[in-house]
Amino acid sequence: MSEIDSLKGELQRLQEKALASFKNAADLNALQELRVTYLGKKGELTHVLKGVGKLPPQDRPVIGQFVNATKTALAEALDSAEALLAVKEKEQRIEAERIDITLSGRTSPRGALHPVQQGLNEMTAIFSQMGFEISEGPEIEDEFHNFDALNIPQEHPARAMHDTFFFEASDEQQAKLLRTHTSPVQIRAMKNCVESGGEPPLAVVAPGRVYRCDYDVTHSPMFHQVEVFKVDKDVSLAHLKGVLKHFLSAYFEKEIDIRLRPHYFPFTEPSAEVDIGCVFCAAKGCRVCKGSGWVEVLGSGMIHPNVLKSVGIDSEIYSGFAFGLGVERLVMLKHGIPDLRLFFENDMRFLRRMGVSK
Amino acid sequence: MKIPFSWLKEHVFFKQSVQQVADDLVRLGHEVESIEQPRSAVKGVRVGHILSMESHPDADKLHLLNIDIAEDEPLGIVCGASNMAVGDKIPVATVGTSLPNGMKIKKGKIRGQVSFGMCCSEAELGLAEDAAGLLILPTDAPIGMEVGEYLALEEAVLDLDITPNRGDCMSARGLARDLAADYDLPLINAGDDDVAVDGAVAVPSVQVSASDDCPLYMARRIEGVSVADSPDWMQARLIAAGQRPVNGVVDVLNYTMLDLGQPMHAFDADTLSGDICVRATQAGESFKALDGRDIALHAGNVVIADDAKVIALAGIMGSEDTGVTEKTTNIILESAAFRAALISTTRRTYGLVSESSMRFERGVDPAMIAVAMNQASTMIMDLFGGKASDISVTGDVEGLVKAKTIHIDMQRIESRLGIDVPEKFDDVLSRMGFGIQRDGNSLTVDVPSHRHDVSLFEDISEEYARVIGFDAIPEVLPSLATINPRKVDTAISSAVELGFVQVINYAFISADEQRLFVEDDGKDLVLQNPISADMSVMRRSVWTGLLNTAKYNMNRQQAGVALVEQGRIYAAIDANNPNEEHRETNVIAWLMAGELESDTWYGKARKADFFDLKGAVESWLSNRGLTARFMADDEALGLQAGQTAKVFVGKSVVGYVGKVDTDLADGFDIDADVFVAQVNLDALHKGKTLKFQPIPEFPSIERDLVFLFERGTESEAVLQTAKRAAGQSCIDVRIFDLYDGKGVPEGKVSLGIRFALQDAKRTLTQEDSDKAMQTIIDAVVRKFNAELRG
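Taken in sequence, the protein lines are chains A and B.
Everything in the first sequence is counted per the numbering used here, starting at 1 for the first residue and increasing by one.
Everything in the second sequence is counted per the numbering used here, starting at 1 for the first residue and increasing by one.
Derived by calculation from the structure, the hints in this document are not laboratory data.
Just so we're clear, the structure is a prediction, and the values are computed from it rather than from any experiment.
Any given hint could turn out to be false.
For the chain A half of the interface with chain B, some residues (derived, Cβ under 10 Å), not all of them [unchecked claim]:
{"hint": "1", "residue": "T124"}
{"hint": "2", "residue": "R159"}
{"hint": "3", "residue": "H224"}
{"hint": "4", "residue": "P270"}
For glycine and all other residues, C-beta sits at the position ideal for the given N, C-alpha and C.
Given these sequences and hints, build the entire structure.
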């Protein structure tokens, strides 16, 4: 056997041994060690290469080629073993890192907007988008703004129906009161406009708290109203109906049928109570609408000429519509809340259920 | 107001169903609150004849009855009542009947004995509030007949909510007039029969000095009546209409009022002395009302009086001693007009209300004064005998019933309603009593005497809207000018995003609770007529409401609460004169107590402390573009010294954060530390509009220093000193560590300070940071007598 054959045989064995050991390498570290063992500067292949120097010069290129081929084969085998192991190791790591994704997320405590606030926000937003300006007024009022200017004179029977809270006052003073409705804002906004030299058109939405001396299952001594009015030339009852229909449909997020019934309010003429097709039973008749298919939601009408007169607006030139809606009532209807008292008990279980922060 | 359906039909012959009539009344502006159906409510209850009666073998108090209801077999019924006897006629609810109280009659066994129905009392039939035993029917009641039919129970009774402007509709006739006009049917004439007058009976002598308040007064004397109960049919109607029968004469007057709308009164003539005067009261007079109250009258009210005493408060109530009783033989009837505003003011002054005052203050039809007088006189004499005098009339009948005339531009009505008005609707108004003349666009309207509420163009526009029907008016969106929308107030939603639950409490609290956080300085606003003492003073702090909410919820298994409320607080400006001027201040207030979060798989529950709430307030302010400073305040009422701070924005105090005094929190049953904060929204200026700043080009350097300080050293002062010392390139300085445990001497505290340096023009060097560190060390050590730890 020639030198060259023996060297070839040695390389052949080395390659076989190496490839087998690569296959059995347990991890990337072991593989790295094998790379050093076989291909390192002091590795086995280098060791074999040292034997090449003893060969006769004409044989050297032959064996050199052979050595290079072996080296390439080993390097390639190492690379692919490494790649395989890397995939395997990643798979193992992924498996090891597996978590229970059904555990709850890390959250910060959730707040909740009061449902009445939500209602107020939604309602004022709708009117604001329709071009009504937001206005507010004092909750402690005088008789002029709450009654007289609204065409409710002292001896008027409607005044008694308002169940007014009065403040203590000395005999000669006119007692202040807690406003019984948001209509005084109508007076303030119109007066403000006229006194600052302006004139209609005027379109205002006035949300706020109001108070009535009435406390039972269906009455709260404090509740919320939104007052809406518009004064301009040629404002008609048809406009009132148009705005009501648009608003109610927007608020309930579906087409709402409305029905106006003639009614009496001192501050409007004509006056109408507004019913909507019952949102619970699709107007088929249920407990909420007492079988009628209709639910009363608000009072409305064309602003009484005496009201316009009290703020110095000429009712021969201008007319207007106005309505006041009970916020709690609409929120109860929209969300199916059965009891008014829930709003003021402030039970966290109710508020968190109903509250969305938006 | 309750009105039996059958009563309406006496004034107009219509064929419409009860439901149809109810709907039409609603369309015309008369709200129908409910419809009772007394007859069909007792359908299945029949007249039974007791054939035999034995004791129940196993129950002392029960009886076994055999009852004939004109069927093939008599019914065996077990009955617990004891007021019946063999031969009595009684109402029997047969199997399958539903009674007004909701009870369903089934065949059943009672103590082993089968019962095929139930014998009923008046209460069970819905005819009375309560009853002692079975309703025993007259002996001639036809066996087997429906009891509802036999008792002539009303087919339907409408419960109406008549609006305050329509006094004319507080009667069968008034409502019928609207219906007749709507249905185009004639209104049947009221019984305006001539009364057979006996010249021998003296006409009452009447003087009216208060003629402005009483423009018309009619009186008539009827002698020799024998007052008995009113007939059953009348009593039944009164009861159905919600009135209590009193005696024959009073019942006739109430009946007439419900029928025609004119309130009347009857005096026992023998209790009066001298003339009848309608006059203003003088100071010192008093009046014994029908309800037994002695009322001291103010001067200037209007009363009916005889020579000696006040016999009635005009239009409101007669006196107890001069009313008609069973013993009365001679009566004086009154039918009059009184000024609406007078009645309203007077009855409110004395807290009185009557069927009469309700009508007068809403306005009654003067045309009915004489009609009612005659109808009532006739009824009284027909029922109870007697001889009538002529009527004494004081006042101007003609002037009272004269129509007002209004001239109107028809186009204006059409523009106001947003719809064309065809002439056929003029006819409907004519039938309602209006005189209508249309000539092109010019409209002339004569307003009838019963319509006190109509005097303006707008009133006529409403009449047209009513008869056209609001449904016919189209829905049109008006053109609206574009406005400058006000910025949405984010105060509350921003707090909610920080994890707080918004609550809404009443604005009034108890006087005691007011004192928890606000000294008594005379500026409380106190309600004259509160719901209760607990709701009698306008709040000057929102915290009491929040504490009550915390209590309510922590009593209901909530381990912790984080609450926020936005609303107003109220106070007088001048303590000497709280009613004069006041201020309403818009505030936002927070409360935190107990566990912030419950235990989770990633962390343990933690209890709220001062810094949780301070942080929330800081974040909330910073969301508005505002930076707050906090200064310790040991003086705040109700808050614990050493854990309370005033909140400054700029130079002004805008609020407080603090721990609620523990005794105070105990008073609310809250078993946790409670922290509250409040910020005055009106005191906050708008945050600045943000301006662009270039992103730094060069890296920053961070370095840490740890010092030992005396306990009680305020960290904010340390940071300020450090920052000033570090110079312009210092972009941030903060406390990264706080330690006072092992290794730190008693009375000292270790604070770690981290500062960051950055320059806009170059990269800072080790040398720069060493220099800054040394100046900080020097300044802090000098100023606070601190000791550098590392």
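Now the hints, each set against the structure:
1. A cut of 10 Å between beta carbons decides the hint on T124(A): the least distance to chain B is about 8 Å, and the hint holds.
2. At a threshold of 10 Å, the smallest CB-CB gap from R159(A) to chain B is about 9 Å, leaving the interface hint in force.
3. For the restraint placing H224(A) at the interface with chain B, the shortest Cβ-Cβ distance is roughly 9 Å, inside the 10 Å limit, so the hint holds.
4. With 10 Å as the threshold, the beta carbon of P270(A) comes within range of chain B, its nearest partner Cβ sitting at about 3 Å, so the hint holds.
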